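Student: Listed below, chain by chain, are the residues.
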Amino acid sequence: MYTNSRPYIFVIAILLTLFGIYNYVVYNTNGYVAAEKLSPLAVKGQQLFQNNRCWSCHQLYGLGGYLGPDLTNVYSNENKGPLYIKAFLNSSVKSMPQFNFLEEEKDALVQYLKQVDETGIYPNYDAEIEATGWVKLKYRNEK
Amino acid sequence: MKSKAPIYFLLFAMVALFMGMFFGLTASFQYLMPEFLKEQIPFSKLRPFHVTSVISWIVLCATGSIYFFLTYVEKFKLFSPLMAKIHFIIFLLTGIAIYFSFAFDYTEGREYFAFAPILIIPILIGWVFFGINYFKTLYKNVKGWPVHYWMWGTGIVFMCYHLMEAHFWLFNFFRLNFIKDFSVQWKSTGSFTGSWNMLVYGISIYLMSKIKKDSNVATNKTAFFFYFLGLTNLMFGWAHHTYLLPTQPWIRYVAYAISMTEWIVLASIIYNWKRSVLKVEKDINPMAYRFLLATDFWVFINVILALLFSIPAINFFTHGTHITVAHSMGTTIGINTTILFSALFFIVHQLYPDFKTDRKWVKRGFVSFNISLFIFFVSLIIAGAKRSYWMYVSKDGLFSEMQDSLIPYYISFFIFGIGIFISLLIVAFPIFKAFLQKIKPS
Ligand code: HEM
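Protein chains in written order, with full-length UniProt numbering: chain A, 1 to 143; chain B, 1 to 442.
Hints listed in this document are in silico derivations from the structure and should not be mistaken for laboratory results. It cannot be assumed that every hint is accurate.
[Claimed, not checked] In silico DSS-like cross-links for lysine-lysine, where the CA-CA straight-line distance does not exceed 25 Å:
(1) 75/B x 106/A
(2) 38/B x 86/A
(3) 94/A x 438/B
(4) 136/A x 438/B
(5) 94/A x 360/B
(6) 80/A x 395/B
(7) 94/A x 395/B
(8) 438/B x 75/B
(9) 395/B x 138/A
[Stated by the list, open to error] Incomplete in silico selection of chain A near chain B, CB under 10 Å:
(10) 12
(11) 13
(12) 16
(13) 22
(14) 24
(15) 41
(16) 82
(17) 95
(18) 102
(19) 127
In this text the structure is predicted, and so the values were computed from the model without any measurement. From the three backbone atoms N, C-alpha and C, an ideal C-beta is built for every residue, glycine too.
Pulled out of the complex, with its shape left as it was, chain A reads as follows (with noise of 0.2 Å):
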């Protein structure tokens, strides 16, 4: 038994065009709250946290391997930040290896954190849930 294909090419046209709209669309939206671009230094940052997996292990908002914490804002933390950050990267705690950073390496790596810090906060414990399921995000120019 054969279909007639013509209608489902159609539905196909329409998905295709809204989703080439969509994709533009999102593409050149930036988050919620203006921040910084990354500097060239937290690119690095970045750089090493993925050539050293650090997401296998870490998450940021809640992505990544679940092995060690989130550290979207370890940098902000009243009781961690930047020190606190370079302490732990060589100190091959628990299950984190031993790694041998350099001194710049690790102001990369703090450098990143910083701007990731600023763009928003996780876990958001002030978020607010409305009872149409929907979460009001806390954002980070929010008092």
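Given chain A's structure and the hints, the job is docking chain B with the ligand onto it.
Tutor: Then chain B with the ligand, alone, in the frame of chain A:
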């Protein structure tokens, strides 16, 4: 003589599955003993090995099955058998290169694609070859495609697109804007999953139409309705992975609205339950049939879980915990892997009509696979729920204390992981042997 490329793909896929599960087991062992071998093979090395291998299992087995159905079952003349062969060789060599890049830390990439980004090029070439071969072959042979042909075609095209999208971060236009970059990264991985699901669900519909000997399954309007629903979710649903990312709210509203359309899937499963199961002609393909039954069960469980945490208010608590991992592995193992095993049994029966698939041990393996997976899944859910409790309710104690308190669940996760591994080994062994027989030069 027919091309053996499909069989090579299937053998390659099975090897990837068992290697992948082995890496998964060694990785999960580090939840139990964090310091064990961590300098030689840290978790961060094992995780990409695991994830890339098991995803390759899904993609390769789907590819091999589709080639097989087209050439052996439908008996179409492939547009270019040579191209299929080259496709296989490219994937094999790239697979080896990926393992090398993981082993020697050339891991500049990101999650799911941790290998050196240059390797995405041969992968894309492979997909383009597959696409050309697929569309050219079908264009010549079939008028008025049943739904699975649409799904496979869609899967191939979107696979190419999202593999590229997953590497947009290489351009500063994306990379320098962290939030945009990060959401596009998770957009691409979400839709990458959607793309292989198109391939795999297409296979399940194909198998149903063959096992039931009823082509209506693949040509009726409902089948097309669900295809379009799936496609819409593939395109616009991804942002439910990033509800907690401070993107523009409209992106998340769209994702919420689109994701909720999946309730229709749940409703239809419940509504069609008896109809779909009872009518099946199961005598000729008993194991293929059983695995599809298992798929039904796992779809049901996973759709409920996924629907719940696609609601932002629930996602808020489950995000960033092992509940997400329960979902990833629940679906990749429970749904994708069961469909693909059904395909493998169907294929082995096509190659050897006298092959007895439902041997005693295979049936036992099938049962213990499902039981193990269930406990594996529940362990992850409990571990995730406890972490969420630590994050949002008790909010006290160190991260390491929380992790230590979860060890009993990680132990059960590990043990039933071994259960899954052994069960699938038992189930797959006869098939593997039969395939090897087929490629032996005579
Ligand atoms: C022998 C059984 C298995 C074990 C012990 C195992 C173990 C693991 C572990 C430890 C992780 C990392 C979780 C984390 O980041 O904390 C993981 C992730 C994953 N596994 Fe498995 N695995 C097994 C089988 C499979 C199979 C057969 C598949 C697919 C066919 C699969 C697909 C995945 C996927 C897609 C992820 C990524 C999850 C995410 O990012 O949310 N696993 N697995």
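Student: If you test the structure against every hint from before, which numbers come out violated?
Tutor: Numbers 1, 3, 4, 5, 11, 14, 15, 16, 18, in rising order.
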